[in-house]
Amino acid sequence: MSADGSPTAFPSDIQDIEAYRAAARAWLAKHAPRFTERHGLSQPEDLALAREYQTLKSEAGYAAITQPRHLGGGGGSQLQKVVFALEESAYDLPTNYFAISLGQPIPIMVEYATEDQKARLAPPAIRGETIWCQLFSEPAAGSDLAALRLSARLDGDTWVLNGQKLWTSYAQYSDWAVVVARHDPNVPKHAGLTYFFLDMHAPGIEVRPIKLLSGGSHVNEVFFDDVRVPDSQRLGAIGDGFKIAIHTLMIERYSVMDPWGSGPNVQQMVEGLKTYQVNGRPALEDGAVREAMADAIINNRALTEINRRAYAAMASGKQPGPEGSITKLITAAARLKLARTLMNTQGPAALELKPGAEARTDFTLGWLSAPPSRVAGGTDQILRNTIAEKILGLPQDHRPDKGVPFNKIPT
Amino acid sequence: MADDTGDEDLELIQEEARRTLAGVASPEILRGLLTRTGEFHTALWDTVAELGWLGMSLPEADGGLGMGLAERCAIAEEIGRALGSAPFTASTCAMSAVSRFGSDALKQALLPDAIAGKAILTVAAFEAGDGGLPTRPVTRFENGKLTGTKVGVSAGAFAHHALVHATGADGRNVVVAVDLGQPGVNRRVYPDSVDNSRGYADLAFDGAAGAALNGDVIHDIADELAVVSAFEQVGGGSASLYAARDYALQRRVFGQPIGAFQAIKHGLADIYVAVQVATGAARAAVRASAAELPAAAAAARVAGIRAYDLASTEGMQVFGGIGVTWEAPQHLYYRRGRCLAVEWGGEPYWRNRLLDLSIEGLAA
Chain A
1 MSADGSPTAF PSDIQDIEAY RAAARAWLAK HAPRFTERHG LSQPEDLALA
51 REYQTLKSEA GYAAITQPRH LGGGGGSQLQ KVVFALEESA YDLPTNYFAI
101 SLGQPIPIMV EYATEDQKAR LAPPAIRGET IWCQLFSEPA AGSDLAALRL
151 SARLDGDTWV LNGQKLWTSY AQYSDWAVVV ARHDPNVPKH AGLTYFFLDM
201 HAPGIEVRPI KLLSGGSHVN EVFFDDVRVP DSQRLGAIGD GFKIAIHTLM
251 IERYSVMDPW GSGPNVQQMV EGLKTYQVNG RPALEDGAVR EAMADAIINN
301 RALTEINRRA YAAMASGKQP GPEGSITKLI TAAARLKLAR TLMNTQGPAA
351 LELKPGAEAR TDFTLGWLSA PPSRVAGGTD QILRNTIAEK ILGLPQDHRP
401 DKGVPFNKIP T
Chain B
1 MADDTGDEDL ELIQEEARRT LAGVASPEIL RGLLTRTGEF HTALWDTVAE
51 LGWLGMSLPE ADGGLGMGLA ERCAIAEEIG RALGSAPFTA STCAMSAVSR
101 FGSDALKQAL LPDAIAGKAI LTVAAFEAGD GGLPTRPVTR FENGKLTGTK
151 VGVSAGAFAH HALVHATGAD GRNVVVAVDL GQPGVNRRVY PDSVDNSRGY
201 ADLAFDGAAG AALNGDVIHD IADELAVVSA FEQVGGGSAS LYAARDYALQ
251 RRVFGQPIGA FQAIKHGLAD IYVAVQVATG AARAAVRASA AELPAAAAAA
301 RVAGIRAYDL ASTEGMQVFG GIGVTWEAPQ HLYYRRGRCL AVEWGGEPYW
351 RNRLLDLSIE GLAA
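Protein sequences, first through last, are from chains A and B.
Using this note's numbering, the first residue of the first sequence is number 1, and each one after it goes up by one.
Using this note's numbering, the first residue of the second sequence is number 1, and each one after it goes up by one.
The hints are simulated quantities; they were obtained by calculation from the structure and are not laboratory data.
Backbone N, C-alpha and C fix where the C-beta goes; we use that ideal spot for every residue, glycine too.
Treat the hints loosely; a few may be bogus.
Unchecked claim - From chain A, some residues computed to sit far from chain B (all C-beta separations above 12 Å): (1) P11; (2) L249; (3) G324; (4) T411.
Claimed, not checked - Partial chain B-side listing against chain A, Cβ under 10 Å, derived: (5) G63; (6) L241; (7) A260; (8) K265; (9) A282; (10) A300.
Claimed, not checked - For the chain A half of the interface with chain B, some residues (derived, Cβ under 8 Å), not all of them: (11) R290; (12) A294; (13) A302; (14) Q319; (15) E323; (16) L329; (17) I330; (18) P371; (19) V375; (20) I391.
Pulled out of the complex, with its shape left as it was, chain A reads as follows (with noise of 0.2 Å):
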C-alpha cells in the first residue's frame, strides 16, 4: 500500500504513455475476451455481464479514469483515459450502461456536492453497481437547452419538481441523475434555472422508453410528477443551472470517436459487395459506389490524423485544436449518405430487415439507425452555427428571446 493507502502499482503511476498502453493491453487481452460474448443475451443478462465489466475495471484502475483514487476512480491523466478507451475499442464489450453516467454526471457530481455525497454516491456508480443518467432535453427544449420547463418550486427545504424530460439515455436503468430545472420564469430564460441531482426512484417519477426508427430504446420520456428534492441535492447556487449544465457537457470533449464514424470500414464494404452485379458489371466498379467508398475512406484517414494529433497535443500538456468538432458533423452525415448507397447497390434484396444485424455489416440497418446521430449531442446545424461561431468567429444568430422574461417568450 502507499502512503495515501491506495493500492501500489495502479495503471495510472505508470507516466510513460505508451508503457501506459502495453499494460492496457495486456490488461484487456487477458480479461476482455469473456465479456464479448454478447450474442443472445437478455437484457438484463447483458446489463449483469456489463456491471461485473465495470467493477472488474473499478478493481483494475480502469474506470472512471481520471476520477480520484478514493472515490474508486483510476486518479490518471485525460490522456491516460482516452488511450485505454482506444484500446478497449477493439473489443464489443458492454460499456454503454455507463458511458454517460461516468462521462458527466459523476464528473459534475463530484465537482459540486459534498464530500459526503461524493463518498456515499460515486464509488458505487464508478464500481458500475448504480447508474446515473441525465436529464436534459425536453419537448420544447433540445438544441435551445435553455428554454426547458420543468419546473422547481421551493418547499420549505425541498424543492418540488413537475414536467417533462425527453431523449434521456439510460433512464430506464439508472439509478441517480443530474437535472435542470426552472425555478424562476420571470427571469431571462438562462437566469431562471437550478441545477440538482436526484434520486430517480422517488416517487413521482415515471419512465417510458421511446422506440428508435431502428428498434432500439435506450432514450426515454421521464415525467415527474410532484417529485421532491431535498435541497441538500442541490449542485451550485441558484440560478447557476445553466452554467453547470454546459460544463457537464463540455466534459467529453474529447472522448474517443471512431474515425468509421460507426460505419463499415472498407473491408467491410467491399465484403458487403463484392458478390453484387450492376449492369453485369461489378459493384465494385460502379462510380457512385466508389465516390462514396472513397468519402469514407478519406474521412477515416484525415480524421485519425485529427485524433493523432489531439492525443499528442493532451500528451504534451496543450490543448487539442479546434478541428476536432468536425469528426460528428462528417461522420454522421457520411454514414447515412454510404449506407443508402450501398443499399441502392444490393438491390430489393437489401430491404429485408434481417434479425442480430449489425449496422457495420447491414447496411440497411446502417441506414436505418443513421439518422439519430445527425441529432444527438447536437443536430449538423447547430454544430455548424458553433464553428462558425466558436472557431471562425462570425456572428451569433439573432435571438428575439434574449433578455426577455422567460413567462414574456411567444410560444
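Given the structure of chain A, go ahead and fit chain B onto it with the hints provided.
Below, chain B without anything else, positioned relative to chain A:
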C-alpha cells in the same frame, strides 16, 4: 501548420515562411501575371532560392539541407496561402526524383543550378485524351531519344528541364530527364489559360536526347506531387475561406452583417470542415510509411482538390457581385484552385487509384 505538436522547428519554419511570403507575394502580383503569357513571379522565385527552400529536403550529399518532406510541405502550404506564383512544387518534386533515382552524372548536371534557382525543373506526365497519369504513355523513349507530346505541363513555359513519363524500348514505363533547350523540343506555350502564372505548355519531343531515371518511378514522383500540392491546396483553400469570412463580417445587408445569416455561416462552416479534412489527409500522407504512401497520397490529393474547389467556389459566392469581377481577389483562388485540381491529374484518376489501392490492399 504542417505539424504543431511536438515539432517546434517545423512551426518556426512555417511561421517564418508565412511572414516572408506576406512581404513578397500578393494577389496584386498574380492579377498582373494573369494578363501576360509565359511569366511567373521572379522576385518570389529569387526569395525562395535565397532562403534555401528549393533544396531544403534534398540530402546534404546532393547539396541540400537534409530536411524532410514535412518542411517542404510547410513551405508549399504557405505558398498556397499567399497565392505564390512560382513553380515550387513542380521543381522541388522533380529535384527530389533526380536525387532519389538519377545517376550521379544527372544529379551533377541538374541539381546545383536547380537548388540555386537558376534552373527550373518540372514533370511532364500527361497526354492528350487522358485525365490522369497514362497507364502506357504514347510518348516513347528508345535509343536515348524521346518522341511524343506531353500536354498541359505546369511550368512548361519556363522550365529548363522536364522529367517525362514515357514508354521505354522494353515496353516498361520510364521517366526521362530532358533538357528543354535542345532542337528536338517544341514548346507550345498556352497563349492564355485559367492561370497564366502556371506557365502551361504542350511539349512535343521529336528525337530529343534524354537520360532515364533508374526504375519505373513515375508513381513515386506523382505521389510526391500529390502530397506537396495537397498542402498548397490546404493553404489556398484556407486563405479563400478566411477572405470570405472577413468579407462576411464586414458586408451588411438587411441591417446586419451577412455573416450573421445561417445560409452564410453554414456555408463557411462546411468549407472549414473540408479544409480540415484536407489538412488531416495531407498530414497523414506526410507521416505515411513507404508502403502506405500511395493510398495516403491519393487520399490527400482528392481531399485537397475538393477543399480548394469548395472554398474558392462558395467563398466567391459569399462576395456576391464583386466576387465575380477582377476587382476582388476571389477569382484568383477560383483559378488557382482549379489549376491545382487538374494539373497533376484530376479527381477521377486519383479517386479510382485510391480505391484500387485500398481494395487491392485488402486482397493481399
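(message) For the restraint on A/I330, tell me whether the closest CB of chain B is nearer than 8 Å.
(response) holds, 6 Å
(message) Next item in the hint list is B/L241. Is there a CB on chain A closer than 10 Å to its CB?
(response) holds, 8 Å
(request) Classify the label on A/L249 as holds or violated, using whether its beta-carbon is more than 12 Å from each beta-carbon of chain B. (result) holds, 19 Å
(message) Hint B/K265 vs chain A: min CB-CB distance below 10 Å?
(response) At 4 Å from the nearest chain A Cβ, B/K265 passes the 10 Å test, so the hint holds.
(request) With a cut-off of 10 Å on the beta carbons, see whether B/G63 makes it to chain A. (result) violated, 32 Å
(request) Measuring Cβ to Cβ, find out whether A/G324 lies farther than 12 Å from everything in chain B. (result) violated, 9 Å
(request) Closer than 8 Å between Cβ atoms is the bar; does A/V375 clear it against chain B? Give me holds or violated. (result) violated, 16 Å
(message) B/A300 was flagged as interface toward chain A. Is the shortest Cβ-Cβ separation under 10 Å?
(response) holds, 8 Å
(message) A/I391 was flagged as interface toward chain B. Is the shortest Cβ-Cβ separation under 8 Å?
(response) OK, holds: A/I391 within 8 Å of chain B, min 6 Å.
(request) Could you check if B/A282 really has its C-beta closer than 10 Å to a C-beta on chain A? (result) holds, 9 Å
(request) Closer than 8 Å between Cβ atoms is the bar; does A/E323 clear it against chain B? Give me holds or violated. (result) holds, 4 Å
(request) Return the status of the interface hint for A/Q319: holds when the least beta-carbon distance to chain B is below 8 Å, violated otherwise. (result) This interface hint is violated because 11 Å lies over the 8 Å limit.
The structure shown violates the earlier hints numbered 3, 5, 14, 18, 19.
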